[in-house]
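Just so we're aligned, residue 199 is where the sequence shown starts under this note's numbering, counting upward by one.
Fair warning: there could be bad hints in the mix.
As the list claims (entries may be wrong) - Here are the computed distance ranges between Cβ atoms for each label pair: (1) Tyr569 to Asp438: 47 to 55 Å; (2) Leu599 to Val443: 21 to 29 Å; (3) Gly354 to Val253: 14 to 22 Å; (4) Arg327 to Asp381: 47 to 55 Å; (5) Gly403 to Ala368: 35 to 43 Å; (6) Ala226 to Pro250: 23 to 31 Å; (7) Tyr569 to Arg379: 57 to 65 Å.
Said to hold, decoys possible - With a straight-line Cα cutoff of 27 Å, these simulated DSSO-like cross-link-like pairs (lysine-lysine) come out: (8) Lys562 to Lys444; (9) Lys556 to Lys603; (10) Lys603 to Lys562; (11) Lys437 to Lys603; (12) Lys437 to Lys562; (13) Lys603 to Lys441; (14) Lys441 to Lys562; (15) Lys556 to Lys444.
Simulated from the structure, these hints should not be mistaken for laboratory data. Heads up, the beta-carbon is just placed ideally off N, CA and C, and yes, glycines get one too.
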Amino acid sequence: MTTTGEELVTARGGPWWWDRRRSAVFDAGLAVVSALECGLEGISFAREAGVPAAVGVVFGVLAGSVLLVRRRWPIAVVLVAIAVTPAAMGFLMGVVGLYSLAASEVPRRIIASLAGMQSVGVLIVMFVRMRQNLARGDLDVGDWIVPFASITTAIGVTAPPLLLGLYVGARRRLMESLRERADSLERELQLLAERAEERAEWARGEERTRIAREMHDVVAHRVSLMVVHAAALQAVARKDPEKAVKNAALVGDMGRQALTELREMLGVLRSGGDGGQRRERASVPLAAVGVAAAAAASRAVDEGEGPCLSEIEELVGQSAAAGMVVDLSVVGESRSCAREVESTAYRVVQEALTNVHKHAAGAKTYVRLAYRVSEIAMQVENEPPPEAGASAGLPSGGNGLVGMKERVSALGGVFVSGPTDAGGFRVSAVIPAS
Numbered sequence: 199m200t201t202t203g204e205e206l207v208t209a210r211g212g213p214w215w216w217d218r219r220r221s222a223v224f225d226a227g228l229a230v231v232s233a234l235e236c237g238l239e240g241i242s243f244a245r246e247a248g249v250p251a252a253v254g255v256v257f258g259v260l261a262g263s264v265l266l267v268r269r270r271w272p273i274a275v276v277l278v279a280i281a282v283t284p285a286a287m288g289f290l291m292g293v294v295g296l297y298s299l300a301a302s303e304v305p306r307r308i309i310a311s312l313a314g315m316q317s318v319g320v321l322i323v324m325f326v327r328m329r330q331n332l333a334r335g336d337l338d339v340g341d342w343i344v345p346f347a348s349i350t351t352a353i354g355v356t357a358p359p360l361l362l363g364l365y366v367g368a369r370r371r372l373m374e375s376l377r378e379r380a381d382s383l384e385r386e387l388q389l390l391a392e393r394a395e396e397r398a399e400w401a402r403g404e405e406r407t408r409i410a411r412e413m414h415d416v417v418a419h420r421v422s423l424m425v426v427h428a429a430a431l432q433a434v435a436r437k438d439p440e441k442a443v444k445n446a447a448l449v450g451d452m453g454r455q456a457l458t459e460l461r462e463m464l465g466v467l468r469s470g471g472d473g474g475q476r477r478e479r480a481s482v483p484l485a486a487v488g489v490a491a492a493a494a495a496s497r498a499v500d501e502g503e504g505p506c507l508s509e510i511e512e513l514v515g516q517s518a519a520a521g522m523v524v525d526l527s528v529v530g531e532s533r534s535c536a537r538e539v540e541s542t543a544y545r546v547v548q549e550a551l552t553n554v555h556k557h558a559a560g561a562k563t564y565v566r567l568a569y570r571v572s573e574i575a576m577q578v579e580n581e582p583p584p585e586a587g588a589s590a591g592l593p594s595g596g597n598g599l600v601g602m603k604e605r606v607s608a609l610g611g612v613f614v615s616g617p618t619d620a621g622g623f624r625v626s627a628v629i630p631a632s
């Protein structure tokens, strides 16, 4: 499990400016060692300066203790190290301070300037002390060794901590950048997962709406005709047995057609969750399964054998057989169009005729279908019913017109419905043919 940057910030528990307690303990230990070193070296400095040894020890301890703030103020540590270099003290403080400065976020030009100052300081002090030792006879070497040793010591004291600090600082910044990128990717993945869930929910909602619309078209029309025929059968059962038998046969045919269409739709629903999806359901997230099922159902409905415009005449005949006076007129040369276009046009006419059966029983109805160059137009208009408020007593959910408009709009068409000036009702739709 990875640790994000936010978790690292939250996990900080060190005092003052330290991120962790062990960092504070480590810096305190370095400061103690540096203070001891500078305190011991302060004795020699006091002897050479002609001051009491206690003064030199106190001065050395105070100077060495500055290493405690190396993480907060690395520049101050390096400046103190440069200041005490002439006193031949603060070796540990100079090395650690320069490393801390190079590893910090201080601009490079400041790091280079302070490192150069410290290197020059060490070089001068080493050169002067070695020359003094040669003059006193403490060293018996050639004159060439003095500049060589001074330069080597200056480079050896400043170059390794400087390079190591630059490397550690660059690595730290790289790790922080990678951690921030990991946090950003984690947030993006979380957003993508939320959006995928939203898309899956939207797809499931769209598919539920589509299935409900198909069920409404199938059940409402067929059952409405069955109710109309059943009412006619009840009315003529005793007066005209032959007509009653004919109506009973029509009711049976329509019931079988409704069952067939319902069975096809149930097959679509079953096919959306069988096969490979059943095997993958254990490893695929629920959202992905929902999207896959919705897509499978949509493909099955699109590729299925839905109604077409060639069946309009049969549809009108069924309404005529139920007692409706309906006139069908077709303008233009009949031709085949895309399956979804023909299915939508058929459903619009079907739902319009169903509404006439429900709300205007006995009204004369006109069905007009026009094949144009790049579109198909249809219109279903009924006259006012013979009796005011005439109705077949069929329940209505108020979703028929909404479903028709959704179907037509989904194909880029235009749908208009409303009452006519004569008191009837008109449903019109224009759908692109391709």
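Comparing the hints with the structure gives:
One distance hint, 47 to 55 Å for the beta-carbon pair Tyr569 and Asp438, is violated here, with the actual separation near 40 Å. At roughly 36 Å, the beta carbons of Leu599 and Val443 sit outside the given window of 21 to 29 Å. Range check, Gly354 to Val253: Cβ separation about 31 Å, and the 14 to 22 Å hint is violated. Range check, Arg327 to Asp381: Cβ separation about 53 Å, and the 47 to 55 Å hint holds.
The hinted range of 35 to 43 Å is not satisfied by Gly403 and Ala368, whose Cβ atoms lie roughly 52 Å apart. In this structure the supplied range 23 to 31 Å holds for Ala226 paired with Pro250, their Cβ-Cβ distance being about 28 Å. The given range of 57 to 65 Å is respected by Tyr569 and Arg379, whose C-beta atoms sit roughly 60 Å from each other. With a C-alpha separation of about 22 Å, the suggested pairing of Lys562 with Lys444 holds against the 27 Å cut-off.
With a CA separation close to 19 Å, the supplied pair Lys556 and Lys603 stays within the 27 Å bound. The straight-line distance between the Cα atoms of Lys603 and Lys562 is roughly 24 Å, inside the 27 Å bound, and the hint therefore holds. Of the supplied pair hints, the one linking Lys437 and Lys603 is violated, its CA atoms being roughly 43 Å apart against a limit of 27 Å. For the proposed pair Lys437 and Lys562, the alpha carbon gap of about 25 Å is at most 27 Å, so the pair holds.
A distance of roughly 38 Å separates the Cα atoms of Lys603 and Lys441; the hinted pair therefore is violated under the 27 Å criterion. Annotation: proposed proximity of Lys441 to Lys562 holds, straight-line Cα distance about 22 Å (limit 27 Å). Between the alpha carbons of Lys556 and Lys444 the distance comes to roughly 22 Å, so the proposed pair stays at or under 27 Å and holds.
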